[in-house]
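Counting from 7, one number per residue, gives the positions in the sequence shown under our numbering.
Since the hints were derived computationally from the structure, they do not count as laboratory data. Only a predicted model underlies this, so the values are computations on that prediction, with no experimental measurement involved. Just so you know, even glycine gets a beta-carbon here, dropped at the ideal spot from N, CA and C. It cannot be assumed that every hint is accurate.
Straight-line alpha carbon distances no greater than 20 Å define the calculated EDC-like cross-link-like pairs of lysine to aspartate or glutamate that follow [to be verified]:
id, residue 1, residue 2
1, Lys139, Asp128
2, Lys280, Asp259
3, Lys280, Asp180
4, Lys348, Asp259
5, Lys300, Asp343
6, Lys290, Asp343
7, Lys358, Glu142
8, Lys312, Asp259
9, Lys139, Glu155
10, Lys280, Asp292
11, Lys348, Asp297
Pairwise CB distance ranges, derived in the manner of DEER restraints [claimed, not checked]:
id, residue 1, residue 2, range
12, Ala319, Asp52, 51 to 57 Å
13, Arg332, Ala262, 36 to 42 Å
14, Gly147, Asp31, 50 to 56 Å
15, Asp259, Leu303, 20 to 26 Å
16, His225, Ala78, 17 to 23 Å
17, Arg364, Ser288, 23 to 29 Å
18, Glu94, Tyr357, 18 to 24 Å
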Amino acid sequence: MNAPLRLSIVVPAYNVQDFIVETLDCILPQMRDGHELVLIDDGSTDATVERARGVFAAWPQCAARIVQQPNAGVADARNNGVAQARGEYILFVDSDDLLQPGALDGIDAAIAQYAPDVIATDFCIWYPGRTAKPLEYHHLGYLPNVVVEGPEAILSTYFADRHMYVWCKIIRRDIYLQLGLPLFPSGRLFEDMAIVPRLLAACRTLVYVPLVLLHYRQHPVSITRVITPQWCTDFVLALASARPHLENAGATDSAAMRAEFDGAATLFYLCAIKTSFQLPASAKPDQVRADVRKIYLGSLFGTVEKTLHNLEAGQLASVTLRNGRRCARQVRQALADSTVFKWRQTINRAYKTWQMARQQRLSKTN
Numbered sequence: 007m008n009a010p011l012r013l014s015i016v017v018p019a020y021n022v023q024d025f026i027v028e029t030l031d032c033i034l035p036q037m038r039d040g041h042e043l044v045l046i047d048d049g050s051t052d053a054t055v056e057r058a059r060g061v062f063a064a065w066p067q068c069a070a071r072i073v074q075q076p077n078a079g080v081a082d083a084r085n086n087g088v089a090q091a092r093g094e095y096i097l098f099v100d101s102d103d104l105l106q107p108g109a110l111d112g113i114d115a116a117i118a119q120y121a122p123d124v125i126a127t128d129f130c131i132w133y134p135g136r137t138a139k140p141l142e143y144h145h146l147g148y149l150p151n152v153v154v155e156g157p158e159a160i161l162s163t164y165f166a167d168r169h170m171y172v173w174c175k176i177i178r179r180d181i182y183l184q185l186g187l188p189l190f191p192s193g194r195l196f197e198d199m200a201i202v203p204r205l206l207a208a209c210r211t212l213v214y215v216p217l218v219l220l221h222y223r224q225h226p227v228s229i230t231r232v233i234t235p236q237w238c239t240d241f242v243l244a245l246a247s248a249r250p251h252l253e254n255a256g257a258t259d260s261a262a263m264r265a266e267f268d269g270a271a272t273l274f275y276l277c278a279i280k281t282s283f284q285l286p287a288s289a290k291p292d293q294v295r296a297d298v299r300k301i302y303l304g305s306l307f308g309t310v311e312k313t314l315h316n317l318e319a320g321q322l323a324s325v326t327l328r329n330g331r332r333c334a335r336q337v338r339q340a341l342a343d344s345t346v347f348k349w350r351q352t353i354n355r356a357y358k359t360w361q362m363a364r365q366q367r368l369s370k371t372n
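Produce the complete structure using the sequences and hints provided.
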């Protein structure tokens, strides 16, 4: 008799025929009784489904299936994945990322020992096109292998770390269902950043397992093809849209928790403003920056000056004193529409665009 399903691995996929085999080959050999793999095909028009079926055929002992839906975007695919999942916990793996050896055993061990509402892990950002330092390892700020109790303790470190991806959090399926489906906002970028804070606010316990769960693939594509006005607005909207839900859940009742939220929102605002300088003139970047500013200011619990003071005084766990001071200075310049700030960002982004184009050329020749 098969064991009850302990873990559902959900893989949303759309037109990833060049990557899906490698991704599945990293998952299926690790699967045990009590695991299932659910691939949500989001209306692919290439050979994604055929290649996935070929990999599944080589592992008939694994509980793996494909669910096909009309193309609707990754948020809808995630929502469908939650609805289709039957395991006690859900792990999302993007369809071009690589689950690392021992990851599923590590998750199973944490479930058996602690049975927490959420398991948090380390991860690695992977730049396949880089010749130097292709791997960047990221570690979380929680104490390892210790049960963290209560939404405030869970969220304070979460906002300080600012690693807001859903795929480095293994969360009980009941928590997803408690918030109601569909959960991930359809048609939005950074859909997981908008939802993970809400999920964590509903969790009573977290355990951080210091293993590198996966390699998060970065594609060497042109910046100008990736960055859009929606990218900039959705980036700051993710936290802004989570705020009222956190308030209703009572997760931001303390002044310290509100300060950490405002600190994270401020750092995200600065990132979006800097990124907006990659937009072409036809995208009306000045208007985009005005929209980003409006969303940011509306998301804060306190005043901008109070948040910038906290950054400058080193009173937030999210940044060092030196970085906090630099961030506060740049935010003031951005809010004041400083000509010097604009000039520096234009030069910096032009240089980064040149760097990326150069890296693309080198990767093609290697």
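Here's how the hints hold up against the structure:
no. : hint                         : result
1   : Lys139 to Asp128             : 18 Å, holds
2   : Lys280 to Asp259             : 31 Å, violated
3   : Lys280 to Asp180             : 38 Å, violated
4   : Lys348 to Asp259             : 37 Å, violated
5   : Lys300 to Asp343             : 14 Å, holds
6   : Lys290 to Asp343             : 15 Å, holds
7   : Lys358 to Glu142             : 18 Å, holds
8   : Lys312 to Asp259             : 17 Å, holds
9   : Lys139 to Glu155             : 36 Å, violated
10  : Lys280 to Asp292             : 12 Å, holds
11  : Lys348 to Asp297             : 17 Å, holds
12  : Ala319 to Asp52: 51 to 57 Å  : 53 Å, holds
13  : Arg332 to Ala262: 36 to 42 Å : 23 Å, violated
14  : Gly147 to Asp31: 50 to 56 Å  : 32 Å, violated
15  : Asp259 to Leu303: 20 to 26 Å : 22 Å, holds
16  : His225 to Ala78: 17 to 23 Å  : 22 Å, holds
17  : Arg364 to Ser288: 23 to 29 Å : 25 Å, holds
18  : Glu94 to Tyr357: 18 to 24 Å  : 48 Å, violated
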